[in-house]
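K.L.:
One letter stands for each residue in the lines below.
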Amino acid sequence: MAKKIFSKDNSSYFLVIIAYILVELLLKTGSLSSLMRGLLVPLCVYVILAVSLNITVGILGELSLGHAGFMCVGAFAGAFMSRYIGDSLPQGAVFLIALLTGAIVASVFGIIIGIPVLRLKGDYLAIVTLAFGEIIKNIMNILYVGKDANGLHISLNSASSLGLDPESGDIIINGAMGITGTPKSSTFTIGIILVLLTLFVTLNLIHSRTGRAIMAIRDNRIAAESIGINITKYKLLAFTVSAAFAGIAGVLYAHNLNTLTALPKNFGYNMSIMILVFVVLGGMGNIRGSIIAAVVLTLLPELLRGLNEYRMLIYSIVLIAVMIFSWSPTAKNFREKYLGFLKFGKKREVS
Amino acid sequence: MALLEVTGLGISFGGLRAVDDFNVIIKKGQLYGLIGPNGAGKTTIFNLLTGVYKPTDGFIVLDGENITGKKTTDISKAGVARTFQNIRLFSDLTVLDNVKAGLHNEYKYSTLTGIFRMPSYFRTEKEMNEKAMELLKVFDLEKETDYKASNLPYGKQRKLEIARALATNPKLLLLDEPAAGMNPNETAELMETIRFVRDKFDMTILLIEHDMKLVAGICEKLTVLNFGQVLAQGDTSKVLKDPKVISAYLGE
Amino acid sequence: MSLVSYLFNGLSLGAVYAIIALGYTMVYGIAKMLNFAHGDVIMVGTYIAFTAISTMGMSPAAGIIISIIGCTVIGVLIEAIAYRPLLNVSKLAVLITAIGVSYFLQNVALLIFGSDTKSFTSVVSFRGISLAGGKLNISGETIVTIAVCIVIMLVLTIFIKYTKPGKAMLAVSEDPGAASLMGINTNGTIALTFAIGSALAAVAGVLLCSSYPALTPYTGSMPGIKAFVAAVFGGIGSIPGAFVGGLLLGVIEILSKAYISSQMADAIVFAVLIVVLLVKPTGLLGKDIQEKV
Chain A
1 MAKKIFSKDN SSYFLVIIAY ILVELLLKTG SLSSLMRGLL VPLCVYVILA VSLNITVGIL
61 GELSLGHAGF MCVGAFAGAF MSRYIGDSLP QGAVFLIALL TGAIVASVFG IIIGIPVLRL
121 KGDYLAIVTL AFGEIIKNIM NILYVGKDAN GLHISLNSAS SLGLDPESGD IIINGAMGIT
181 GTPKSSTFTI GIILVLLTLF VTLNLIHSRT GRAIMAIRDN RIAAESIGIN ITKYKLLAFT
241 VSAAFAGIAG VLYAHNLNTL TALPKNFGYN MSIMILVFVV LGGMGNIRGS IIAAVVLTLL
301 PELLRGLNEY RMLIYSIVLI AVMIFSWSPT AKNFREKYLG FLKFGKKREV S
Chain B
1001 MALLEVTGLG ISFGGLRAVD DFNVIIKKGQ LYGLIGPNGA GKTTIFNLLT GVYKPTDGFI
1061 VLDGENITGK KTTDISKAGV ARTFQNIRLF SDLTVLDNVK AGLHNEYKYS TLTGIFRMPS
1121 YFRTEKEMNE KAMELLKVFD LEKETDYKAS NLPYGKQRKL EIARALATNP KLLLLDEPAA
1181 GMNPNETAEL METIRFVRDK FDMTILLIEH DMKLVAGICE KLTVLNFGQV LAQGDTSKVL
1241 KDPKVISAYL GE
Chain C
2001 MSLVSYLFNG LSLGAVYAII ALGYTMVYGI AKMLNFAHGD VIMVGTYIAF TAISTMGMSP
2061 AAGIIISIIG CTVIGVLIEA IAYRPLLNVS KLAVLITAIG VSYFLQNVAL LIFGSDTKSF
2121 TSVVSFRGIS LAGGKLNISG ETIVTIAVCI VIMLVLTIFI KYTKPGKAML AVSEDPGAAS
2181 LMGINTNGTI ALTFAIGSAL AAVAGVLLCS SYPALTPYTG SMPGIKAFVA AVFGGIGSIP
2241 GAFVGGLLLG VIEILSKAYI SSQMADAIVF AVLIVVLLVK PTGLLGKDIQ EKV
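Residue numbers (my numbering), protein chains in the order written: chain A, 1 to 351; chain B, 1001 to 1252; chain C, 2001 to 2293.
Keep in mind the hints are simulated off the structure, nothing from the lab.
The model shown is predicted, which means the values in this text are computed figures rather than measured ones.
Heads up, the beta-carbon is just placed ideally off N, CA and C, and yes, glycines get one too.
Just to be clear, a hint being listed does not mean it is correct.
Pairs of lysine-lysine residues, derived as DSSO-like cross-links and limited to a Cα-Cα distance of at most 30 Å, are as follows [as the list claims (entries may be wrong)]:
no.	chain 1	residue 1	chain 2	residue 2
1	C	Lys2164	C	Lys2287
2	B	Lys1126	A	Lys233
3	B	Lys1156	B	Lys1108
4	B	Lys1126	A	Lys8
Examples of chain B residues toward chain C, derived with CB under 10 Å [said to hold, decoys possible]:
no.	residue
5	Thr1043
6	Phe1046
7	Asn1047
8	Thr1050
9	Val1052
10	Tyr1053
11	Phe1084
12	Gln1085
13	Asn1086
14	Arg1088
Whenever a hint applies, use it, and build me the whole structure from the sequences.
P.N.:
Dropping the structure here:
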């Protein structure tokens, strides 16, 4: 078993590396449309989000609908840091610090939110994480932060109430207008490195003592308690690691944009739900599945672009059809009978 | 010397007195049986002993340490392990990982050591594998290590649950109807295994059972519970002849 | 006086949330699924009423009836096609399918009606009342919405308590397996629940857009989520809970908009939900079920 799992893990790394080489080749030969090139960094962002959400949903077995909230916190923290440091350090160093900041701030939020939330069960946990995500997005829309010679100024009202020194003042976070002028440091190569880092941490975590404890809680909380596993500690740990990587995805996302704003589209519950769709379609607890689902489902609407206004309609029909085809008992029998060669992700229920 | 000493243990759910004035002394290495009709409060006593319920009255002392009202996790660390009437395995983990999860507090390394695969990760994992295999061999499960726990046949699931409980290196092992759903052959085999565990690990075992043959065959002492109260207590052979016990079991 | 008029606005909005939340909570109670497409059924119902009344020139009453019939049919179809094959398989799978249905409804509306905002004409002809010498004006929409909500709540309670199909609903929500052994048609009962929930969604949509006339393919999303919050707030699965949760949520939202910050109103609503759930993890009127060991 140990060997088999190992090879499955390796296949996740191979998959990413092969995809990277392929894309680099296509880039070199110039056969990638500008539209596809624009999608490369977002693809990495979505893969990191899907893999990290799988830690909470697939490995810990708790339904979270607030993953975009952690991404939002990370994005703003990272972009803020980049703007705050500015040109005083080389770009690479600034980006590294931004990534660390995003990860740390997102994990702090993970702990703050996780402590109260993880006491709740099932659908209640889902709705509260959704609520937290919406609150974070909302606050980002009224947060104003600026710096001048006197240091940092924070306000929840307006840019003018920051009272910045007109000479040296610089508004970094401008309420609903967000953060502008973040260096565009995110590249496909950096994105892939971060994807590999996420995979490394996630897969190694799963196959360690900690991962076993987390999965034991998922499979049977009462039995896990009876063998002396500290439920709160490991739930919080999984939730926090998941949040930290959502933060990293946020930083990557923010440094791919000229202007970072918190909109319902990018950080609202719809985004959280979209990431959840990746995880469920890829298979709960199946990390490789998350990667494939995130890539396929992000590319699908783009591939359907020729169909113009019908593309999202088709996307939704495909989503429903895939769910019914891969989960319903009737379809399962049919599949086992006639399509045994197709392999589907591991199915697991969230408690 | 008494390993487990329970005095005046009681719990009420609303107005219902589920367990009342329960006393027991179990000596180290003893095989002790807890029997009684359905609803007599046997599993409730297990839940009290393991901290799933907090007792309303009484004391539980394990090997000189007062564990009354402690959390389940801490009671496990203090040395009480159990199995469940309705089997509770980690169904999506492998058989091996179920036992390794049981070793959680016996073999430790930090989360970061695990993520970055430091040398102690490999060393400790190897030790855990060896220890887990040793336990699985006792229960004749060494060929099924890679199976998902939920794919094991019923009898083997019960055995795996005992193996997992033993992995926590307990002082006291609580078995909740270990022979439930087993055929006579399997039950006989299980009796041998329980005896073997007691001898090999020098274990103290308290078991709930309905199978009188198993109880009479391996338990040295018995407590009979009826309506949450102790009906009879003492040496197995004497207790089973007690007219009160016979009438509680067979009716008037 | 402004406080009183804000309170009425809040109750009116809350009444709409309550009607939507009733649909949520009944479906959750019986199928144990989060029907994320419920909000979009509201939007569809409102478009149907809009087409009937504004485009085809029917009377408001006829428009509402057509909208209710339309939504009922759509609700039952959604359940039969998209949810039923998965209901007993996996909660999470149904959740994702519901999200697919939500996208589907939004995009169908987008294709038919376009993305521009339609202005919905209020179906309420009653002018409203003026109290305290004109200082306090309560609009007809407010009064009608609150009244409709109370009537629906009462009718539903009586339906569930005293009629056979209502009792069947209770039985199925308690234990579907046992209910079907008792000869209750569980699939039929679940379909009936979706039918009622969707009919309520049509009513809610028409009332919502009578007070807030902007109609787009995304009109249903946020009220849907808020009503879901209201249902959880009151204790999901509980009918009085949905009523109380809806009204409270509406009042909190309007008062926050008026006195604290219009941008933060949603955040405050969600924050109140979090606080309530942390104090009472199953909502205000929810039942607490302990796992048996």
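K.L.:
If a hint holds in the structure, say so; if it does not, say that too.
P.N.:
Against the structure, the hints:
1. C:Lys2164 with C:Lys2287: holds, 24 Å
2. B:Lys1126 with A:Lys233: holds, 25 Å
3. B:Lys1156 with B:Lys1108: holds, 28 Å
4. B:Lys1126 with A:Lys8: The hint holds at about 21 Å.
5. Thr1043: Holds, because the Cβ-Cβ distance from B:Thr1043 to chain C comes to roughly 8 Å (cut-off 10 Å).
6. Phe1046: holds, 8 Å
7. Asn1047: The hint holds - B:Asn1047 has a Cβ within 10 Å of chain C, the shortest such distance being about 6 Å.
8. Thr1050: holds, 9 Å
9. Val1052: holds, 5 Å
10. Tyr1053: holds, 8 Å
11. Phe1084: holds, 7 Å
12. Gln1085: Interface hint status for B:Gln1085: holds (9 Å vs cutoff 10 Å).
13. Asn1086: holds, 9 Å
14. Arg1088: holds, 9 Å
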